[in-house]
Structure formats: structure tokens, C-alpha cells
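Enquirer: Based on the sequences and whatever the hints tell you, model everything.
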Amino acid sequence: MDKKSKFKRALEVFWSFFKIGAFTIGGGYAMLPLFQKEVVETKKWLTEDEIVDVYAIVQSVPGVIAINASIFIGYKIGGIAMSIVSALGVILPSFIIILLIAPILILYNENPYVIKAFTGVRAGVTALILLSAIKLGKKVVKDPFSLILAATAAAIMLFTDIGAIWVILGSALIGLVLQGYRRKTNY
Numbered sequence: 001m002d003k004k005s006k007f008k009r010a011l012e013v014f015w016s017f018f019k020i021g022a023f024t025i026g027g028g029y030a031m032l033p034l035f036q037k038e039v040v041e042t043k044k045w046l047t048e049d050e051i052v053d054v055y056a057i058v059q060s061v062p063g064v065i066a067i068n069a070s071i072f073i074g075y076k077i078g079g080i081a082m083s084i085v086s087a088l089g090v091i092l093p094s095f096i097i098i099l100l101i102a103p104i105l106i107l108y109n110e111n112p113y114v115i116k117a118f119t120g121v122r123a124g125v126t127a128l129i130l131l132s133a134i135k136l137g138k139k140v141v142k143d144p145f146s147l148i149l150a151a152t153a154a155a156i157m158l159f160t161d162i163g164a165i166w167v168i169l170g171s172a173l174i175g176l177v178l179q180g181y182r183r184k185t186n187y
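Under our numbering, think of the first position of the sequence shown as 1, with each following residue one higher.
None of these hints come from the bench; they were simulated from the model. For each residue, glycine too, the CB sits at the ideal point set by N, CA and C. Watch out, some of these pointers could steer you wrong.
Said to hold, decoys possible - Derived BS3-like pairs: lysine-lysine, alpha-carbon spacing no greater than 27 angstroms straight-line:
{"no.": "1", "residue 1": "44", "residue 2": "138"}
{"no.": "2", "residue 1": "76", "residue 2": "135"}
{"no.": "3", "residue 1": "19", "residue 2": "76"}
{"no.": "4", "residue 1": "76", "residue 2": "139"}
As the list claims (entries may be wrong) - Here are the in silico distance ranges between beta carbons for each label pair:
{"no.": "5", "residue 1": "162", "residue 2": "126", "range": "20 to 26 angstroms"}
{"no.": "6", "residue 1": "120", "residue 2": "7", "range": "36 to 42 angstroms"}
{"no.": "7", "residue 1": "151", "residue 2": "50", "range": "22 to 28 angstroms"}
{"no.": "8", "residue 1": "59", "residue 2": "122", "range": "17 to 23 angstroms"}
{"no.": "9", "residue 1": "131", "residue 2": "102", "range": "27 to 33 angstroms"}
{"no.": "10", "residue 1": "156", "residue 2": "2", "range": "47 to 53 angstroms"}
{"no.": "11", "residue 1": "102", "residue 2": "144", "range": "47 to 53 angstroms"}
{"no.": "12", "residue 1": "144", "residue 2": "50", "range": "20 to 26 angstroms"}
{"no.": "13", "residue 1": "144", "residue 2": "184", "range": "15 to 21 angstroms"}
Expert: Shown next as C-alpha cells:
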């Protein structure tokens with residue numbers, strides 16, 4: 001690929017991630033359905049299975065999920081350079097918006113209309129996160145075992161103080177053991 005094509009591709013990647021960063025309110029989990037729509041459905045840079053793998057990885061490593069996802073997706077698209085471009089694309093809108101609105105929000109953070117507006121925004125973000133969970137669940141839960149494992153992991157997270165990392169590591173260990181059993185018994 002020549003320099004002009006690489007630059008054009010970098011601009012396309014940057015713009016895609018910039019739009020996601022600019023129009024998502026609610027943080028990283030709210031961005032997941034938008035990443036999926038842009039990267040898998042619109043641009044076809046990744047497959048459904050690849051995006052599910054990316055989400056599994058970025059949720060199990062330290063850091064901000066939106067930035068981690070953009071870096072992993074960018075890397076899958078075009079290596080280290082695209083991971084930097086995609087991360088900048090997703091970070092820059094929030095940075096600019098915060099610089100612009102922080103002084104205003106500090107002045108009006110006790111205003112009842114502002115408080116009610118943010119209550120509505122939180123409800124909308126919750127719906128986006130739920131939508132993402134349902135879409136991912138349809139892709140990941142493919143058999144009774146994965147359904148039981150997902151339900152058990154969710155119950156542990158909801159009803160105990162066991163940290164997410166331990167649930168993820170435990171689920172991975174159970175998956176490895178099952179895979180070994182299936183290979184051994186040709187199941």
C-alpha cells in the first residue's frame with residue numbers, strides 16, 4: 001500500500017473512531033454497540049467473531065474499555081499505527097468536549113434541570129449497555145454449557161463480592177478444562 005493509500009486509510013479509521021467518541025454518552029460500555037456497528041456492519045474491518053474476541057480481551061485487561069477496544073480494533077485493522085490512530089480518534093472528542101463544558105457544568109451542577117437531564121442520560125446509557133450485552137450474549141452463548149457458565153458468572157458478580165478478574169479467570173479455566181475434556185473424549 002502506498003503512502004497516499006495508507007494516509008487515506010488512517011483518516012478513515014480516525015474519522016470512524018472520532019464519530020463514535022463524539023456521539024457516545026456514557027463511557028466505554030455504551031460505545032461497544034457503536035464499535036460493532038461501525039467496524040463489523042458498516043466498514044467490515046472485523047467479523048462478528050473477531051469483535052466478540054476483542055470485547056472479551058478488553059474487558060479482562062486493566063484500563064478504560066473504550067480506549068482498550070479502540071486500540072485492539074485499530075491493531076486488527078492495520079497494526080500499531082492504526083491502533084494509535086483509532087485511540088486518538090476515540091479519545092479526542094471527549095477531551096475537547098470536557099475542556100469546553102467543564103467550566104459550565106461546575107457553575108450549574110446543582111441546577112435541577114441539569115440533574116434531571118443527567119438522570120435521563122444515565123437511563124439511555126443503561127439501555128445501550130443492555131443492548132450490547134444482549135447482542136454479545138447471542139454471539140457467545142452457543143450451547144447449554146456457555147449459557148450455564150454465563151448465568152453462573154453473572155450471578156457471582158451480582159450476589160457476591162468476588163471481583164470481576166477472578167470470575168473471568170475462573171471462567172477461562174473452566175473453558176480450558178472443558179476444551180481438554182472435549183478433545184480427550186471427542187465430544
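Enquirer: Hints first: check each against the structure and report whether it holds.
Expert: Hint-by-hint comparison with the structure:
1. For the given pair, residue 44 sits about 19 angstroms from residue 138 by alpha-carbon distance, which is consistent with the 27 angstroms threshold.
2. Between residue 76 and residue 135, the direct Cα distance comes to roughly 21 angstroms. Compliance with the 27 angstroms bound is thereby established for this hinted pair.
3. At roughly 19 angstroms between alpha-carbon atoms, residue 19 and residue 76 fall within 27 angstroms of each other, so this suggested pair holds.
4. Our distance criterion of 27 angstroms between C-alpha atoms is met by residue 76 and residue 139, whose separation comes to about 19 angstroms.
5. At about 23 angstroms, the beta-carbon gap between residue 162 and residue 126 stays in the expected band of 20 to 26 angstroms.
6. Separated by about 41 angstroms at the C-beta atoms, residue 120 and residue 7 satisfy the suggested range of 36 to 42 angstroms.
7. Between residue 151 and residue 50 the CB atoms are about 25 angstroms apart, so this pair conforms to the stated range of 22 to 28 angstroms.
8. Checked against the given bound of 17 to 23 angstroms, the beta carbons of residue 59 and residue 122, roughly 21 angstroms apart, stay inside it.
9. A hinted range of 27 to 33 angstroms for the beta carbons of residue 131 and residue 102 is consistent with their spacing of about 29 angstroms.
10. With their beta carbons about 52 angstroms apart, residue 156 and residue 2 fall inside the hinted range of 47 to 53 angstroms.
11. At about 49 angstroms, the CB distance of residue 102 to residue 144 agrees with the hint of 47 to 53 angstroms.
12. Checked against the hint of 20 to 26 angstroms, the C-beta distance between residue 144 and residue 50 comes to roughly 25 angstroms, which is consistent with it.
13. Between residue 144 and residue 184 the beta carbon distance is about 20 angstroms. The supplied range of 15 to 21 angstroms therefore holds.
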